[in-house]
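Participant: Whenever a hint applies, use it, and build me the whole structure from the sequences.
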Amino acid sequence: MTTTRTQARAPRVGESALRPDGIPKVQGRFLFGNDLWADGMLWGKTLRSPHAHARIARIDVTPALAMTGVFAVLTADDVPGSGVFGLEQADQPVFASGVVRYVGEPIAVVAADHPELARRACEAIVVEYEVLTPLVDSQAAITAAAIHPDGNILRHLVIRHGDIDAIGDVVVEGIYEVGMQDQAFMGPESGLAIPDDDGGVQLFVSTQFVHADRDQTAACLGLPPDMVRATVAGTGGAFGGREDICLQVHVCLLALRTGRPVKMLYSRDESFVGHVHRHPARMEYRHHARRDGTIVKVEARVVFDGGAYASTSSAVLANACCFGAGPYRVPNAFIEGWAVRTNNPPCGAMRGFGAVQTCFAHEAQMDKLADALAIDRVELRLRNALEPGDTIITGQRITGTAPVAAVIRACADAPFPAGAELDPDSESAPMLLRPGGAGRTADARHVTRALGFAVSYKNLMFSEGFDDYSTARVRVEDGIATVHCACAEVGQGFVTLAQQIAREVLDIDEVVLAPADTHVGSAGSTSASRQTWMSGGAVEGACRLVKAQMEADAAAGTVQRVYEATFEHHHAPTQRLDENGQGDAHVSFAFAAHRAVVDVDRDLGLVRVVDVTTAQDVGRVLNPVQALGQIEGGIAQGVGLAVMEELVVDQGRIRNASFTDYLIPTALDMPTVTVAALIEEPEPGAPFGAKGIGEPPTISSTAAVAAAIRAATGRAVDRVPVRPDDLLF
Amino acid sequence: MTVLAPTDLDGALAALAERPDATVLAGGTDLMVELNFGHRRAGVFVSLRRVRELREWSRVGDELTIGATVTYTGLERGQIATLVPALAQAARTVGSPQIRNAGTIGGNLATASPAGDTLPVLSALDAVVVCASASAGRREVSVHDFLVGPKRSALAAGELVVAVRVPVLSGPQEFLKVGTRNAMVISIAGVALVTDAARGGLRCALGSVGPTALRAADAESFAATAVEWPSRRATPEAAIEFGRLTAGAARPIDDHRATAHYRRHAVEVCARRAFERVTLR
Ligand SMILES: Cc1cc2nc3c(=O)[nH]c(=O)nc-3n(C[C@H](O)[C@H](O)[C@H](O)COP(=O)(O)OP(=O)(O)OC[C@H]3O[C@@H](n4cnc5c(N)ncnc54)[C@H](O)[C@@H]3O)c2cc1C
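In order, the protein sequences belong to chains A and B. The working numbering numbers the first residue of the first sequence as 1 and each following residue consecutively. The working numbering numbers the first residue of the second sequence as 730 and each following residue consecutively.
Each hint should be verified, as a subset may be incorrect.
[As the list claims (entries may be wrong)] Here are the simulated SDA-like pairs of lysine to any residue, each with C-alpha atoms no more than 20 angstroms apart in a straight line: (1) A:Lys-25 <-> B:Gln-827; (2) B:Lys-880 <-> B:Thr-964; (3) B:Lys-880 <-> B:Pro-940; (4) A:Lys-547 <-> A:Ala-572; (5) A:Lys-547 <-> A:Glu-510; (6) A:Lys-25 <-> B:Ser-825; (7) B:Lys-880 <-> A:Thr-660; (8) B:Lys-880 <-> B:Gly-939; (9) B:Lys-880 <-> B:Leu-754.
[Unchecked claim] Example chain B residues on the side facing chain A (calculated, C-beta under 10 angstroms, incomplete): (10) Asn-765; (11) Arg-769; (12) Thr-822; (13) Ser-899; (14) Glu-903; (15) Leu-905; (16) Val-907; (17) Gly-908; (18) Pro-940; (19) Ile-982; (20) Arg-986; (21) Tyr-991; (22) Val-998; (23) Cys-999; (24) Arg-1001.
[Unchecked claim] Footprint (simulated), chain B over chain A, 3 or more residues, beta carbon under 8 angstroms: (25) 596-607; (26) 658-667; (27) 720-726.
Keep in mind the hints are simulated off the structure, nothing from the lab. Where is the CB? At the ideal position from N, CA and C, for every residue including glycine.
Facilitator: Given below as structure tokens:
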């Protein structure tokens, strides 16, 4: 028997390329950061605060140090460099000293020759606390006594646009709330640090921004940045939860102190206090419109609870406010935003980055407005949809593509997929697929089906003057191309994309992706839907340099064996928002529409999301299968926020820090996802015309599901996640 | 760490008698979680996996004896499902396929969680738990006495759950479970309802709304007269009243999973629906 293996041409840009890590992850063969191993390594463990707010009266580490097998116990006194770190402002202590500001704040770390011993050594450390009253109310935090030397206001942003006193014929108001969502990524935080002979350290860490890790870690270690050699270790997801550092400084400190490799990994419950979450938000809205449905003005006041430390709260708030009126022509706006410090768990980046919260509010408002005007909800959105050339509420003109009407039409007009018809033959639907699922609680007659619609937009790349460039080095040797870029692969698909781009430009089939590390320039963060544009562009640029050199040499008859080029890709510069929240703060925008069909058990208040249909502005699809993956995954997270995903925080303490009680959608909760259209209008300035696609699926899917539940129940549904009680009592 | 793997019941009982420090390991779906979280420590395990007697079930007359290590998958599929449908329905609500392949009915009993999903069904069936130890031999305990409180059972040290005995009844059965996810969720309220057509009655028990499974005695007495036997005819008003009376038996608490108010309401709704499913207009 002969087997023929067709040598398929490896996928280029625009073709489906399968992830090399996909099947290993499903089969349990993928090496995550927590699988890292070095001979003779020690295990690090963190002692954390049990209190949301307390003074530390005394720390005594001697009982832990006295234990055989314990090699180091470190506290704030042992940090040689900066005692504080942070992505935007260095306000978070490496170890709490003097005061703790949230439950789970690190106080000390231990290195021992066994993880269990490290855990016991942590227990042996004596910490005396004077417990203080925690500040847990974000509204009260604005005026309350400061819980941090930098004060409680992380950012106060006011957007004044047009005539802020304008009045419409019709006014609708609402107050909306979003609970605290967790990224719940695969593979909890983990890292391995290995001391180098020159006093530096190698760090292997699950992260989404390896250069920021390096820079912050080096500053705290008191080392020059190039003495911290950081490499991205096998990372599950991230969704914003790995943008801030967590164990990076700790594990390096322990390695340098003990002179031995040290590994740290968080358990799942520790992970819930080990990274930042999506900001809970309280949002007051007032929309003004003319009788014909033209929006006159949007007023809003939003308060985002940043928790104990700044993280990226300031940028999250800016997004919440900038996109807080939705993808509509809004000539006049007054939006006041607060991001405040409390003794709740720290909040920061999560997929959608501020736009998710305000989208839930502005889309609820659009439905209210449509109803008050007796205009069809989709029609009202179409009448006000932004177009290229329009000015958004920050005074910025949209110079790129803005197919808002196209996504709305494609999504709203899409036929309902089988099983998600509005008038279903529900008697025949299996009980498992009704609200309550495997619990067998609903008969067909208890279920009401309804649909909801929502639209969103968000910036791509970092905003407000941030030069989040990316770097790529490309080497061609013996007909094989190697791409070296520090872009962290956290599921978004750079692994395939970098190869596709290199093949496309160089017309070479065999492309190797080198490990993402700090031996090459920064690629920036894998966030803000930016890596396809930024690092994709860097790879394209480096490949073009190599290609030009190869072509020139070929023409001159001086062909070399090795070609190498490095390219730094910068996006167009942006400005910081001024005192009126005006300015060209953003690079580019992406738009999406979602239509949700839900079934609600009217008496039990249980929900099953049946289908989410979407149309999305993508610029150009570079890898169809990966695009679909991002859309399905983003919708899963959006559905999760709508109906179940919430960290329940009581007096600063998370009460459901485990997958037993922090619920994320299962296969029975996941709706069918129907892609009505991917709108491919190439974005000027974007490599291959492609926009980022990672965040939009999450943003308006939550709002669409909430709208559908509202339609099914007649309830306000002014808070997500929706709880059964909210639909009944 | 030592894992003893006896191949028959006597061997298992002997191992437990010899090693009083041993922990019984069945499917491990509760135990391994406790060990991983450091809530419990153990160095010696007696694994029940190879003990043939415990894996089997048998029917004698109108009584079914289900071995302690019969898994949820075993309950859910095959003949047990037609003989005791409520048990199969409850089994299907447990965890994920992986958990159902590993988790056992004996483990659910021994854990005695207020949210154990087979427990309201066993309570409604007036099941009998067969226990055994090397020193005290076999004894039979009514499930009502076996379940003492939250995570507390009548098992003595060194004693195993060997089997559970349930009647094969004629008439429909229902198990409904409320959770805020459509699968793999800890129950926030559960209702088991079995009809006993021969004796002309309904038996109803509740999960997750009290320290252990609770019986809804008032609702049961109401059903004895409100339902016409053996035709099982009942009025719509009777269903409403049955739901109301059942909710009266609940003793729910507020926690991060649900409010007591909602739990009681959910019991009322589920009991009404279960009643409607097992009766005829
Ligand atoms: C992800 C997940 C989801 C779950 N979902 C549910 C759910 O939906 N509903 C539900 O009710 N439960 C659920 N559980 C809990 C668990 O699966 C059940 O309680 C299961 O029945 C336990 O059985 P086991 O065989 O795994 O017990 P094990 O974990 O092996 O043992 C549990 C305890 O019982 C003791 N024990 C076990 N067998 C015997 C015996 N024959 N005699 C004496 N002692 C014994 C053990 O020593 C131990 O203390 C879930 C667990 C997990 C991890």
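Participant: Flag every earlier hint the structure violates by its number, smallest first.
Facilitator: 2, 4, 11, 13, 18 and 19
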